[in-house]
Amino acid sequence: MITSFILRALEGRIVMTVAVLAAVALAIPASNLLLSPDSALHVPTYAMSLMGKYLCYALLALALDLVWGYCGILSLGHGAFFALGGYAMGMYLMRQIGSRGVYGNPLLPDFMVFLNWKELPWFWHGFDMFWFAMLMVVVVPGLLAFVFGWFAFRSRVNGVYLSIITQAMTYALMLSFFRNDMGFGGNNGLTDYKEILGFSVQADGTRAVLFALSALMLALCLVLASAITRSKFGKVLVGVRDAESRVRFLGFRVENIKLFTFVVSAMMAGIAGALFVPQVGIINPGEFAPANSIEVVVWTAVGGRGTLIGPIIGAVLVNGGKSFFTGAFPELWLYALGALFIGVTLFLPKGIVGTVQSVLAARRAVKAAAGRDASENDDRAPSQVQAAE
Amino acid sequence: MNLVRSETRPKSLLYLDGVSVSFDGFKALNSLSFVVEPGELRAIIGPNGAGKTTMMDIITGKTRPDTGQVVFEDLIDLTKKDEADIAQLGIGRKFQKPTVFESHTVWDNLELALNRKRGVFATLFYRLTAEDRDRIEEILATIRLSHRRDELAASLSHGQKQWLEIGMLLAQEPKLLLVDEPVAGMTDAETAETAILLKEIAKSRSVVVVEHDMGFIRDLGVKVTCLAEGSVLAEGSIDFVSNDPKVIENYLGR
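As they're listed, the protein sequences go chains S and G.
Going by the working numbering, the first residue of the first sequence is number 1, and it counts up by one from there.
Going by the working numbering, the first residue of the second sequence is number 1, and it counts up by one from there.
In isolation and in its complexed conformation, chain G is listed as follows (with noise of 0.2 angstroms):
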């Protein structure tokens, strides 16, 4: 790979090639290359096992890929590092299941998020500073959770822990927010204003989408990529890549 850039901004933010990685023999992820541009914002599609859950954990380094390269920024090899080093290097990543910290109050759960020092001791006497405080309002009111501040996590409906959870990642700071499955069991009016969320944070960084819902993708109105059986099917517009005869018949058509 050539690191003489010049450019000062990255070329790529996150790039992927020939990645693999097989699970007792079957292949999860076979050859996999794919290029996440800075700012961008694109969904990802495909079927019941096609690698999109793998892909997301290859990339926040849960899994090790047996072969190929994962880079960060044109320069950092993600898989020689952990979970903690990949999220302090700014990815973000949301979980298919909404996972907030349910004891813990909204704004805990965005206090605890927020991207400042994560050591033990810094956080035995970490106070809470004016400049935080006003983050953490700002993202209560872009998450729409500022009225329940206090309540527990627990307490949340379905799609507010959804959005508190991208708060959190918000939160986080991230270059790069992967994002799983946002609008599962979501009703139709969240879905929309998940779309809009969405679309603003991707104003300031890159997000990638892995989504089913077709109608969702639509709105996004996004770079869509297909994956079927660890690779990469066909990549383009929504309708490009919905009226692509290899998609069809892998996904769409089923």
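Extracted from the complex, chain S is given alone in its bound form (with noise of 0.2 angstroms):
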């Protein structure tokens, strides 16, 4: 009763969120192109911007939750299949620069110029053509994911271990994204973005676009991570998480559990850095950065990890914490991330909407409790019952 209740109540959580992202959607651009600059109302394009990549932000920490929350894989690397992501979308805004580059070679990117590269080395084709950068956006993150997820889980890698190789990956990807014969830019990345499908990145109208497909695809994601956790595949992800021996004896084949939605959450990731990328307009090796995998983690954790909903609010809340303090009193902020991490494993250790739900529930109960106790008084052990056939 109880649990049905809290489900529905989740259930609803969902679409209302979705209704909220879809008013931002419509609501931010809007004020945007259409108010005057003068109108208290109006929102500048720069924030506009940073509140899309806040969205981003939110849509990986989304992702994160379905491995750690649900599954309970905390994985210390999900900002490498962002990265890719990232990549993925900086290669095709690479090639649409085209003639346009400070070397103006029609092939070739300015860096590769640069480094003396006659031709344009064989990943980099294919990229011109933004049907196949989408799809390379969920299908890198996907196959490293599967590759690692593949042998990670049939070797029954686990818990703090799992969590430690996974920041080695994003650490080795991060070195290797460096080096400047890899062709990807090295240190400097892939930036000088001129144009998206046609439309300058620059342009009002191209950010406000960017801005809202970033609302609706956290909002589509999301509505997906919900569709997953509320199947009976949802429910045997969190006995994974709680019991994972019990699963395997059940006869489930864990690590093809595993395995799924670790490549779903890295294709979400994809996504979320191929959104990011337009927006800021940079993609570099420091997206692979342990650290920011890291931080991830701290978004989940501050809105409620296994909630779907927390992570969102947390990547928002922290990110938006993040950009005041940086801006008013920038030798605070790690102080302030530091204390709020500490903050919330002592006092919210389920997070913001762990926390709100669970007091929620506690209510629900003492009401049921109250209702129920007139009827509740079959409380024996089980005896000659007809046994299972």
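These aren't lab readings, by the way, just hints derived from the structure by calculation.
Please note that the accuracy of each hint is not assured.
[As the list claims (entries may be wrong)] Some chain S residues near chain G, calculated using beta-carbon distances under 10 angstroms:
1. Lys118
2. Phe233
3. Lys235
4. Ser245
5. Arg246
6. Gly251
7. Phe252
8. Asn256
9. Leu259
Even glycine gets a Cβ: it sits at the ideal position worked out from N, Cα and C.
Each of the two chains sits in its own frame; use the hints to bring them together as a complex.
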């Protein structure tokens, strides 16, 4: 009874969040494009892009929640999937520059000309086509997650060991992307974009569309994640988190369950990265930094893991705080982040949404118990009832 | 092994022959041989470290034996299979510590255990059918948890968690149930009820119970196998086994 109530409330919460995101996707671009800059309600373009960035982070946190909150896999390398999605988008944007680069080479991006390369490396082919690049946004992170997960989950690497190797994975990728001869622009990364699908990436209209797409994509992935977690598969996921061996002895292939979830989550992270890059205008190997992936864990923990909506709230709040602090008191930000993490761990172990949920559930339980006392008198042991045939 | 049998029913459900396994030089099982007949209820006793849990680990695929044969239904070599395969073949296992999904309701626990397709996509698009609903209701009645079906498993008492786990095993529709210390931590009344429940269950499938509680084993009134130091010390009725001088010296007398 109680659970079905909670579940129903959760479903309502998902619908509510989707509605809020849809409203944001309409209202913010509308105020940016339609209202005059003097209006009090006008959202300047830089603020819109900043909020768009938060939405991408929120999608990344949602992706992490799917594997960490529901399946118990604490990935400290989700930034890698985000960055790979971002690079796929960045490569498309680089190819769109064409002969407008500093060196004016119609085929090669500037950094390749600078490195004296004569032809396009094989893995840059196809990225001039938008559809191919968008495919790679999900395929590349998905493939990495598949290969990584295939080995890790099959050999039953669990807990802190798994976290450490995910961290090593993103660190190794960072080091390789820093190298010039990897062919991804070295430590400068990919930047100086001009156009996306023929629209200037600087134009307010393009920015507004990118913002709206970020909000809508977040809503879409939220619904998908909710559908996954509310299915029987989602219940198995939670089972894997809480009692993995029980799931195994019930006959489920735990490694396949984890692999599927990890790949879906990596693809979501890739989409987040792809939406992030045109809004901030650059992707560089710094996005692979281990600290970035750990920050995602902080957002998720602050918002409440295993709640889907919590990580979205956490990502927006923490990043909003970061923007405020780094502007107003730049030297204090790291202390604030540290204090936040300690504070949440000590006082809100379930995060913001998790705490609100358990308060509501407790209140309902009290009410339900009052109603049940009358009928509750049959708490005996099982006896000669017909055993299962 | 002779695979050609005239009978349609297999002669033995589970057959262990000369199974040995050692961990860091310690011989947990030492040439253990042991047969479970179809429809049999068997109790296993023995001192700590006798290899009872290791034996279950080997049968369910958690541990691989160093030597020896483990054969299910006279045909299937269990040493080549993993936990999920073995569970799907029809061997269910109850752990020593009650292991249920605490953050799921009693109902969801049983729904997950139900013997249905367990693939990723089959579970993603699973819908509860009327047949499955009836089956879950039936199991709820058997384990006497019908009135708590919508509560979280975490809120159950220790004894109720044990029964829920047994219910989950029933939902799996196993041919063989391995039950590790089902009455540990139960009250006397719960213990007696559990004996009745297991006897009922054994009417339609084989059950192997590992237990320390001699009173409980007497209640079951079945063939008893006493393990010590990784092999079978004695086998027979509870009175026969408990009067065996070796058993008294190794286990009961201590």
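These are the hints, each one checked on the structure:
1. Lys118: 46 angstroms, violated
2. Phe233: Cβ of phenylalanine 233/S sits 4 angstroms from chain G, so the hint holds.
3. Lys235: 5 angstroms, holds
4. Ser245: 7 angstroms, holds
5. Arg246: 5 angstroms, holds
6. Gly251: Since chain G brings a Cβ to about 3 angstroms from glycine 251/S, closer than 10 angstroms, the hint holds.
7. Phe252: Check passed: Cβ of phenylalanine 252/S comes within 5 angstroms of chain G, closer than 10 angstroms.
8. Asn256: Holds, because the Cβ-Cβ distance from asparagine 256/S to chain G comes to roughly 6 angstroms (cut-off 10 angstroms).
9. Leu259: 9 angstroms, holds
Hint compliance for this structure: hint 1 alone is broken.
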